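Engineer: As you go down the protein sequences, you meet chains A and B in turn. Quick note on numbering: the working numbering labels position 410 of the first sequence as 410, and the sequence is numbered without any gaps. Quick note on numbering: the working numbering labels position 256 of the second sequence as 1256, and the sequence is numbered without any gaps.
Calculated directly from the structure, the hints in this document are not laboratory data. Be aware that one or more of the hints could be misleading.
To be verified - Among chain A residues calculated to face chain B with C-beta under 10 angstroms, some are:
1) ARG75
2) LYS81
3) GLN84
4) ILE87
5) HIS182
6) LEU219
7) ALA223
8) THR227
9) ALA231
10) VAL264
11) ASN389
Everything numeric in this text was worked out from a predicted model, so none of it was measured. Beta carbons: idealized from backbone N, C-alpha and C, even for Gly.
Here are the chains, one letter per residue:
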Amino acid sequence: MEKRSIIELRRPFLSGCRTSAVLSVLVMGAGQLNNRQYGKGIALMLLHLAGLYVAIAKLPHAVWALVTLGETSARLEKVGKVYQQVIGDHSIYLLVEGLIMIFLMFLLLAVYVLNIRDAYRCARLREEGMPLHTFRQTLHFLLDYRFPQIAIAIPVLGILFFTVMPIVFMILLAFTDFTRSHMPPAQLINWHGLETFRDIFRLRVWSETFYGVTLWTLLWAVASTLTCFAAGFVIALAVQQKDIRFKKFWRTIFILPYAIPLFVSTLILRNVFNGQFGPVNDYLELMGFGRVPWLSDPEWAKLTLVLVNMLLGFPVIMLMIIGVLSTIPGDMYEAADIDGADGLQKLRLITFPTVMYTMMPILIMQFVANINNFNVIYLLTGGNPVNGNYQFAGHTDILITWLYKLSMEQGQYNFASVIGIFIFVLLSGFAVWSIRRTKSFKEERL
Amino acid sequence: MKRRTGLISLLIVCMLAVTACGSASPAANPSSAPAAASESPLPSSDATMDELQPEPGAELVYWDKKDAFSEYAVQEFEKKYNVKVTLEEVMFWETVGRLITDGPAGTGADVFVAGADQLGPNVNSGLFLPNDYFAEETTNISVKSALDAVTVDGILYGYPRNIESFMMYVNKDIVKDAKLDTWDDLKAFAKKYNDIPNNKYGLFYETNNLLYNYSFMAGYGAYIFGNNGTDKNDIGLNNEGAVKGMEFYRSLKEILPVASSDLTEDVKVSLFEQGKVGIILDGIWNLGRYKSLPFEVGIIQMPKMPGGVDPKPYASVPAYFVSSYSKYPNASKLFAHFMTTKEMQLKNYEMRGVLPAYAGIENDEKLESDDIIQVFAKHVANAEMLPVIPEVQYFFQNITPVLEQIWNGADIRSTLDKAVADMKANIAAAQ
């Protein structure tokens, strides 16, 4: 009798796990209350009320803001002798505000869905006769067993609001007419759909620049990655040769370029390669060669960039490869020697595959990073020499420097964000596709 | 199940955290700002009829170069009006760019210095409060061209501070008493002095910079926009004068036979400071730097071009502006005005050596004894101000590349035609 009454007490007022779920669909936390989990139920109900308040009070404004991007613009009004600024809607802020609201609503929606699932599952557990946690137990459980999730939720939220949201914001800008000649607060920004995308591909000035710059970006990424790798590899092999003396000294010498900040060395190299006044050409002339237009001729400028990038980039690769080389067991070479292999065969069949196994993902990361290698290009040539056929770009501009010029110098924010989307697609595509293809990603052994 | 409960409570925690952040975000500002802005000035507008009074409790943020003059001026103003002013170092070429983002966030300056050429492209976006209360006084004291440079569509925005342009600096040890009345004289001098293997040049400057080279086109009659720089449909950058100016420009290659991307500012300054260059073109703002060199540096006017024509440089006017986001517009206007009174402009000249923007400087006794200022004033008398319409940005974008192409031997007429066509296309696209 007594036992029965306890079971009676444990049973929900309305039996059946479906009922609890349905109650939770109606009001968050109602299902939990029905399951007699009062603390959790009340907390969820409060959240429901808060969410309801936000949805009624703020959501319409956010939707309005996102749809219209503001309706009244700021203007000056003359009062007596003095002008006054009557502040209107600031499209950019409305856009950000609206996005934050939408993101919050999605979070709330996620809680809502989880709340239904929780009500359903708890009810089913009860039916099976399992005791449910009290509120205090839940809290203890959270702190004891779910601490990692709580800890990680903070950076996740950070990423959501400081990384994902700005990216969404940037993507949305591509569909507006936000340019320097069209800027808040005095002017409202409007949605204009795919017009910017269409312009980039259809207008000759834009598409020519776009294709030209993209092609050079890819060429640049391939060339700069390969040259850095080749130089690093060759020098690592040379330094690691058995007969080489003062190994430490050579390594130190070669790492020096890496020790100087890239920013400084690039700016110095810019003067070193000056066609008229740079020491490089002075030496060339002394040796009887002509002067080379390092930075003033488009093709030479591109070559100079690859060269300089190699100078600045090979030490890291060299260090990495030295590390990899030291992991190759010496007896493999001894066995090869006994089999009568020559140096080239050992290089081709032992050293190279081992190095590539470790280096491939790094190379791909380097390739991806080189697509976005802003520093070297911007500091060394600044995208010059000029190209009369390009729209706001020079011969050596890559996508990211073009984007910089478009947004920071020209104020063509919508075009810049189209380029930004394109870079994003390009990079993520390359990164995912190629890393998945490498052996070390598949965790295969050699 | 437990995991779910955990996640839910977790999300509750997060939600609270996020909503707390959300309400404090700057997004809340625009809604609260208008109320403050539209209500507070209204009652005071009666008072402004008589005399502009700073708002009670006003505190100003002021962006300018942090040097002796700006600190002195801030002190004087604080003494006179009892309004606290915080000076933050933001150089005049970056003030507008920062105000675009800082203004709406409420952290921008109330008063700032900007080149007048920044006004045109940005006045559309409503960053600047017009110079209304002191309009008459500013108009009365300023040089006409400086006023034009800070007026858009008939509304005066700025408080002109001084006039800037570039100058022809000469190394007197090298130039001595060589005749430099015309560019032919200058070329003759340069040919005699040039020693290219040793990097010695008679004349050296950046040939891919419009600042210097537009002078030649404009001298022969090219213009950026017609109708005093107000008609965006009338571009005069490929007319006969422009072609003639560019022909003259390219003729300078005989005394400066270097690829134009190698003619950088770094090289120019270092060669000049080493005493290897006779004449350079550089901004008046670098005067202080060159005065302290071990040899005597003089300043001359730009010589006449073939046909007895003076080059026509453009000049710019750094001016004070009041931000439209300012919470204390009255105090800000008072400050901007205070900074541009004749006394303060003279003080600015004394402490920084710049050319004031008020009218009648030629006769000012303090300036009369200053040879450099006298030469510079004549140089500026030939100058024209950059147009203030927003489309002036396309002038720089589209014509700058032309210089390098022409220097490298491109056909002048067709290069200019193409650049102007692009410029028109850009203007049309921006509509």
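Engineer: Each hint needs a verdict: does it hold in this structure or not?
Structural biologist: Verification of the hints:
no.	hint	verdict
1	ARG75	holds, 7 angstroms
2	LYS81	holds, 6 angstroms
3	GLN84	holds, 5 angstroms
4	ILE87	holds, 4 angstroms
5	HIS182	holds, 8 angstroms
6	LEU219	violated, 21 angstroms
7	ALA223	violated, 21 angstroms
8	THR227	violated, 23 angstroms
9	ALA231	violated, 27 angstroms
10	VAL264	violated, 14 angstroms
11	ASN389	holds, 9 angstroms
In this structure, the hints that do not hold are numbers 6, 7, 8, 9 and 10, in rising order.
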